[in-house]
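Take a look at the letters that make up each chain.
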Amino acid sequence: MKRLLTILSLSLALAVPATAPAAQDGPLRLTITDGVIEPMPIAVPPFVARTPGATELAAQISQVVTADLVNTGLFRAIPPEAHVTRVSSFESPVQFSDWQAINAQALITGAVDVSGDRIVVQFRLWDVFSQAPLGEGLQFAGTRDGWRRMAHKVADAAYSRITGEDPYFDSRVAFVSESGPKSDRQKRIAVMDYDGANVQYLTSSDSLVLAPRFSPDGRTILYTSYETGFPRVTLLDVGSLGRRTVGPQDTNMSFSPRFSPDGGRVVYAAEVSGNTDLYLLDIASGATQRLTTEPSIETGASFSPDGRFITFDSDRSGSSQIYVMPATGGTPTRISSGAGRYTTPVWSPRGDLIAFTKQNAGRFHIGVMRTDGSEERLLTGAFLDEGPTWSPNGRVVMFTRESPGAQGASQLYSVDITGRNLQLAPTPGAASDPSWGPLLN
Amino acid sequence: MRTTALLLCAALALSGCANRLGNDGGDGLSDDGFANGGLASGGAVPGSADDPTSAAYFQQRVGDRVLFAVDQSTLSAEGQEVLRGQAQWLNQNPGFTALIEGHADEQGTREYNLALGGRRANAVRDYLVLQGVDAGRLRTISYGKERPIQVCSQEACYAQNRRSVTVLAAGAGV
Chain A
1 MKRLLTILSL SLALAVPATA PAAQDGPLRL TITDGVIEPM PIAVPPFVAR TPGATELAAQ
61 ISQVVTADLV NTGLFRAIPP EAHVTRVSSF ESPVQFSDWQ AINAQALITG AVDVSGDRIV
121 VQFRLWDVFS QAPLGEGLQF AGTRDGWRRM AHKVADAAYS RITGEDPYFD SRVAFVSESG
181 PKSDRQKRIA VMDYDGANVQ YLTSSDSLVL APRFSPDGRT ILYTSYETGF PRVTLLDVGS
241 LGRRTVGPQD TNMSFSPRFS PDGGRVVYAA EVSGNTDLYL LDIASGATQR LTTEPSIETG
301 ASFSPDGRFI TFDSDRSGSS QIYVMPATGG TPTRISSGAG RYTTPVWSPR GDLIAFTKQN
361 AGRFHIGVMR TDGSEERLLT GAFLDEGPTW SPNGRVVMFT RESPGAQGAS QLYSVDITGR
421 NLQLAPTPGA ASDPSWGPLL N
Chain B
1 MRTTALLLCA ALALSGCANR LGNDGGDGLS DDGFANGGLA SGGAVPGSAD DPTSAAYFQQ
61 RVGDRVLFAV DQSTLSAEGQ EVLRGQAQWL NQNPGFTALI EGHADEQGTR EYNLALGGRR
121 ANAVRDYLVL QGVDAGRLRT ISYGKERPIQ VCSQEACYAQ NRRSVTVLAA GAGV
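The listed protein sequences derive, respectively, from chains A and B. So for the first sequence, this note's numbering puts the first residue at 1; every next one is plus one. So for the second sequence, this note's numbering puts the first residue at 1; every next one is plus one.
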């Protein structure tokens, strides 16, 4: 789908005092690594409708902004019924004492202007107890169907300014939409906004499809398809829905693809005579390079964000473990060392951590470790958790959780890297294999 | 026991054998065994499980599947016996090709299980080739954990899902 939305990020010169304290110096700062126990109370009063037709949209935008922030687990929204004042004008001075009275530490005010199909959203973030703006006001303009993205942009700006982290709400997730009984699952590649809105199906369920992976620019998706009768790495254009198999066609099975950070290459697994190894494909030229030659299974490869290394899982030691090797191939270093089997390593976009699936003592876990294998931390534990994917800012991991038995079904969950704030990601039906795409522009 | 009887059947292709299997068959196939038993002496209904040259016979009497231990692709003695029967049948019925499916139980991540299914399918293929089946008639595919036949999420079901299935198709080569 072509996004018609254009977003203009304009500084609103009005009302920002030249002497406003620099945002980074203000007392309103929430550091995520501290392991937030008490969410920060915030107030997001309904955005002001500048035009008569904007009232409903203004309320919806405020709700999405609120949901984005609250669902991080870092913020608690003071319900509008508890507000002692109303914001009826975006330009009027903020009555800080009214917001201090209900202990709102941050206040988000906004206004929405609707003109035909065009909407303009303005917002400001206020540090209530410093009685000062936190950063400049922002304005986003676009078409009406892009209103949720504008709301996400507002929330992203607020989240970034308060936490100091990169934003991630204005992003999409590719996943496998599932239906039918467990013994005959029907699967389709789908994409949705990170919060489950705007689901779009990209393939039919005529053939089995697995494990989509977004390109770094979000325009294409790699996945494994049985459309030819055999599993093949397939490249799908999200806009045109055109698709083609990539890589050599003479191997028995190619699967488990992931893009390089520059989007030009694909690391994937291929099975030849029962032995699965890793290969590198240059998309433009079609040239391939074999990266591993062991008789063991090597799969689940993922690039480091600087493109210099590849992490993967291998059972060369007798059970699946996680390894890191140069992206050009060469001697891998085993980094996992705990009890159990480790698979599906995925490098954080920040470069600092590797998320993985761990199977031990009859349970599955999603975990993270440093890239040298130290400081392993399990974030979840369940009958079957697998396949982590990182939020664009490397603070949240989304994964598949499947329940047991004949009625068992897969759902998408997210958890932050401290192991807190486990959240079900809403999907229209059963879903698996999430791949979190980039922050949108 | 049952496997042995099946193999004997496959080897001898005797008429009475099908009838006996029908009597002690422990699965949904026993009805067929009874119904068609009387025809066997004069020639089974073509294409039925009593026709020793049929795909149905291969599937039901020779046995189209082999089970594997957890996370393993080595063939058990029982599995090898089934595969010897498959090889013999394939060698006697050159008009068929076979697609060998490899499957895994759900106790593993998706892509590892795809690779594991590939290993299992190839272990079967290699064994059949050792038994004289032309490699050009065999092809493998892995479904990983995507196509379980039992869904109870307990070992009794997992054991049935860790399998290879030899699926026949008419034709000389793949």
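Among the hints, a few may not be true.
Unchecked claim - Just the calculated beta-carbon pair ranges, DEER-fashion:
1. Arg420/A to Gln80/B: 48 to 58 Å
2. Gln80/B to Asp237/A: 40 to 50 Å
3. Thr228/A to Gln131/B: 26 to 36 Å
What the hints assert, rightly or not - Coverage of chain A stretches by chain B, computed from C-beta distances (three or more under 8 Å per stretch; other residues unrestricted):
4. 67–73
5. 233–241
6. 297–308
Unchecked claim - On the chain A side, residues computed to face chain B include the following (Cβ under 8 Å):
7. Leu30
8. Ser204
9. Leu208
10. Asn252
11. Glu271
12. Thr328
13. Gly405
No lab work stands behind these hints: they were computed from the structure. For clarity, every value in this text was computed on a predicted model and none was experimentally measured. Even for Gly, the Cβ is constructed at its ideal location relative to N, Cα and C.
Now for the hints, and whether the structure bears them out:
no.: 1; hint: Arg420/A to Gln80/B: 48 to 58 Å; in the structure: holds (52 Å)
no.: 2; hint: Gln80/B to Asp237/A: 40 to 50 Å; in the structure: holds (48 Å)
no.: 3; hint: Thr228/A to Gln131/B: 26 to 36 Å; in the structure: holds (29 Å)
no.: 4; hint: 67–73; in the structure: violated (count 0)
no.: 5; hint: 233–241; in the structure: violated (count 0)
no.: 6; hint: 297–308; in the structure: holds (count 3)
no.: 7; hint: Leu30; in the structure: violated (34 Å)
no.: 8; hint: Ser204; in the structure: violated (17 Å)
no.: 9; hint: Leu208; in the structure: holds (6 Å)
no.: 10; hint: Asn252; in the structure: holds (6 Å)
no.: 11; hint: Glu271; in the structure: holds (4 Å)
no.: 12; hint: Thr328; in the structure: violated (22 Å)
no.: 13; hint: Gly405; in the structure: holds (5 Å)
Of the numbered hints stated above, those contradicted by the structure are hints 4, 5, 7, 8, 12, listed in ascending order.
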